[in-house]
Structure formats: C-alpha cells, structure tokens
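Asks: If you want the building blocks of each chain, they are given just below.
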Amino acid sequence: MLEVIVILVLALGVFFLFVGAIGLLRFPDFYTRLHATGKCDTLGVGLVILGLLIYHLFYYSDTLLVCVKLLFLILFILISNPTATYALMKAAYKTGVVPWKLGDERR
Amino acid sequence: MTENEGKGFRILVTFCVMFLFWLLLSGIFERLYITAGVICSLIVAVISHDLFVVGKRNKTIVRSFRVLMYIPWELWQIVLANLDVAYRVLHPKMPIDPLIVEFDTSLRSDFALVTLANSITLTPGTITIDIRKGRFWVHAIAKEPAEALTVDGTMQQKVADAYMEW
Amino acid sequence: MIEIELFQKIFLAVGLLIAVTILLCIYRAVVGPGVFNVVVAVNVIGTKTIALLVLIGYYFERPMFFDIALLYAMLNFIGTLIFAKYLERGEVCSR
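Line order of the protein sequences matches chains L, D and G. Number 111 marks the last residue of the first sequence (my numbering); no jumps. Number 1220 marks the last residue of the second sequence (my numbering); no jumps. Number 102 marks the last residue of the third sequence (my numbering); no jumps.
Just so you know, the hints here were simulated from the structure itself, not pulled from any lab data. Keep in mind that the hints are not guaranteed to be accurate.
[Said to hold, decoys possible] Subject to a maximum C-alpha distance of 25 Å in a straight line, what follows is the list of computed DSS-like cross-link-like pairs (lysine-lysine): (1) L:LYS105 with L:LYS94; (2) G:LYS92 with D:LYS1187; (3) D:LYS1147 with D:LYS1197; (4) L:LYS105 with D:LYS1147; (5) D:LYS1187 with L:LYS105; (6) G:LYS16 with L:LYS94; (7) L:LYS94 with D:LYS1147; (8) L:LYS94 with D:LYS1197; (9) D:LYS1197 with L:LYS98.
Fair warning: this is a prediction, and the values are worked out from it, not measured in the lab.
For reference, chain L alone in the conformation it holds in the complex (with noise of 0.2 Å):
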C-alpha cells in the first residue's frame, strides 16, 4: 500500500515538471513561458521530494531530523521561486519587451 503511494506521488511530480518543460517550448512569448513555468516548476519539484519523505518516514525511521531538513527545502522553493518569477518580469516590463496579443507571430 506505501509503494503505491509514493509511486503516484513521485509520477505526478514528474508529469507537472513535463509540462513546465513542454510549456517553456511551445508558448509564444516571453510573458507566457513564465506563466508556464513559474507555477508547475514550483509544484514539481515539491511533489518529487514530498514523496522522498513519505519514503523515508517509513524505510529509515529512526532519523527523523532529515524529514524536516527536506520540508525546509519545500517551504524554501515554494516562496523563492515565485519571487524569482517577479522580479524576472518587472525587468522586463521595464525594460520594454512588448507582450504578445492574439493573432502576432512568435518570437
């Protein structure tokens, strides 16, 4: 029953970290891919190491002090990533790129 759990836990973290990745290849603007990638990196990566620690809750339970060292690490990403995601887009905000609107080309 724990090996299905932490197998889905861990399938699913690597599904949302595909579609960050196919999100940064297929949108069309700069504004878009960080809308891409800001929020299914973030969940990803929280996903993949919330199922390391539920295997290690279970498989090497008597060393209990790195199960929070690692949900320092989740709290740490989910406030820094989106962090890093704004001051990424109010650079470019100043800086003059031009959002995309429906109907331009790529770029």
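Please arrange chains D and G on chain L, whose structure you already have, making use of the hints.
Replies: Same frame as chain L, but now just chains D and G:
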C-alpha cells in the same frame, strides 16, 4: 525612531532563530559543536539583527496564527493553478489571450503586500508585474482569471483577514 | 513491505525522466531570442537540478546531498535575482 529601542529584543530573537537553525541542520548534540553553534549564532545576530526583525509589532502571535490558517487555502489554489496551466499547455489549440490589468488594494504593510503578490503568482492564470503604493499591475493569461481577481475580490479579503488590516 | 532494491530501480527511472526534461529546456537556453528567455531557462534548469540532487542522495544512500541541495536552491535564487536587478537598472550596487 526605533533605532536603539528594542535592540536587545531584536538581537535575542535573531540569536534564538539562528541557533535553532544550526541545531536543525547539524543534528549533533555534543559539547564542542554546541559551543561552536552558540559562537557563530552570536556573531551573526550582532552583525545583522536589524535586517531580520523589523521593529516591535503588537499582536504578533495572533497574527502568525491567522497566517497559519491561511496556508491550506493557499495550497488548494496552487493545485488548481497547475491543473489550469496543464490544460492550456496540452490542448492542441492552446487557448491563451494575454492582457494586463491594474487594480488598487487597501493593504499597506510590507508583509501583507508580499503575501498578496505571492498569492497572485500562485493562483490560476495571473502573475504580478509591479507594485507601487498599493496599486498592482497584473499580467493575466486569459479573460476569466483576470475577472476572478478584480471583480470577485476573495483573495484580497482573505489576506486582509490574515493580517488584520481591514 | 517490499525491499529497497525495487525502490532503487524506481529512483533510477524517475531520475532519467527528470534528465530528459532538462534536455528539453536546453533548447530554449540555446535558441531563445533575447537575453530574458535564456535567464528563464537557466533558472528552470537549476530548479530541476534540486529535485535531481535529492533523488541521487536517496539512490546512493548518502545524506550529504540534502545539504548540497539546500545550498544550491539558495544560490540559484540569488543568482536569478541579481540577473534581474542588473538587466533592469544597468548596475548592481547603486551608491
């Protein structure tokens, strides 16, 4: 203004947090390592105590409790946002129609503005571009998420409830 | 409870899939009209590397890799912020 009052309080809080972090990362409880941890935390706390705690605030404990209650709603919004992006990426026709909106909020403190900006980035279809004195510029990927942000107003109400700034 | 050897194979498969996604992102880092697309691609590769480091830590059974992953997360974040500040203003320290 609050340069020298509460300086001891700030050094104490910074020292406690740094030492707790040292114990968390190393996990060894012997005499030599704990002494090294105390010395390093003390040096860091004395040098950079005013970057960490920003003045004395009243009602800090009630405020942090309400922020903890805001977090599960936030995690549910993250899951919804990712399902929305996955639908837009994997659809063969790619239904996107980007636009930029601006709106005003009534929050004024730094923590509340940062939490609202992070929440807007993690909700379906919107990313913050710029904040200036309570006025937000937001880039939305289609019309429906932009409407949900400005017309509805649930998220601003929840952040204002969490930080008690009606 | 199944043995750990089956989980080693699962971690190897997941690690290979994450490496394939990193290869997909390299296209955007090489092509990518303008400097902003390149910076975004490098940030995304750095974030995926953090997941790969934690996975390798469990595969080789060495707990040192979690500290390396934490440090690399902080370095990646600060690097992206400094790029954004330089591209917006033209200088990093304003005095």
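Asks: It remains to establish, for every hint, whether it holds in the given structure.
Replies: Now for the hints, and whether the structure bears them out:
A hinted pair counts as satisfied when its Cα atoms are at most 25 Å apart, and LYS105 (chain L) with LYS94 (chain L) qualifies at roughly 19 Å. Distance check on the hinted pair: LYS92 (chain G) and LYS1187 (chain D) sit about 20 Å apart at the alpha-carbon level, within 25 Å; holds. For a cut-off of 25 Å, the pair hint linking LYS1147 (chain D) to LYS1197 (chain D) stands: about 17 Å separates their Cα positions. Annotation: proposed proximity of LYS105 (chain L) to LYS1147 (chain D) holds, straight-line Cα distance about 16 Å (limit 25 Å).
As the CA atoms of LYS1187 (chain D) and LYS105 (chain L) are separated by approximately 28 Å, the hinted pair breaks the 25 Å bound. For the hint pairing LYS16 (chain G) with LYS94 (chain L), the CA-to-CA distance comes to about 43 Å; that exceeds 25 Å, so the pair is violated. Annotation: proposed proximity of LYS94 (chain L) to LYS1147 (chain D) is violated, straight-line Cα distance about 29 Å (limit 25 Å). The straight-line distance between the Cα atoms of LYS94 (chain L) and LYS1197 (chain D) is roughly 21 Å, inside the 25 Å bound, and the hint therefore holds.
With a C-alpha separation of about 24 Å, the suggested pairing of LYS1197 (chain D) with LYS98 (chain L) holds against the 25 Å cut-off.
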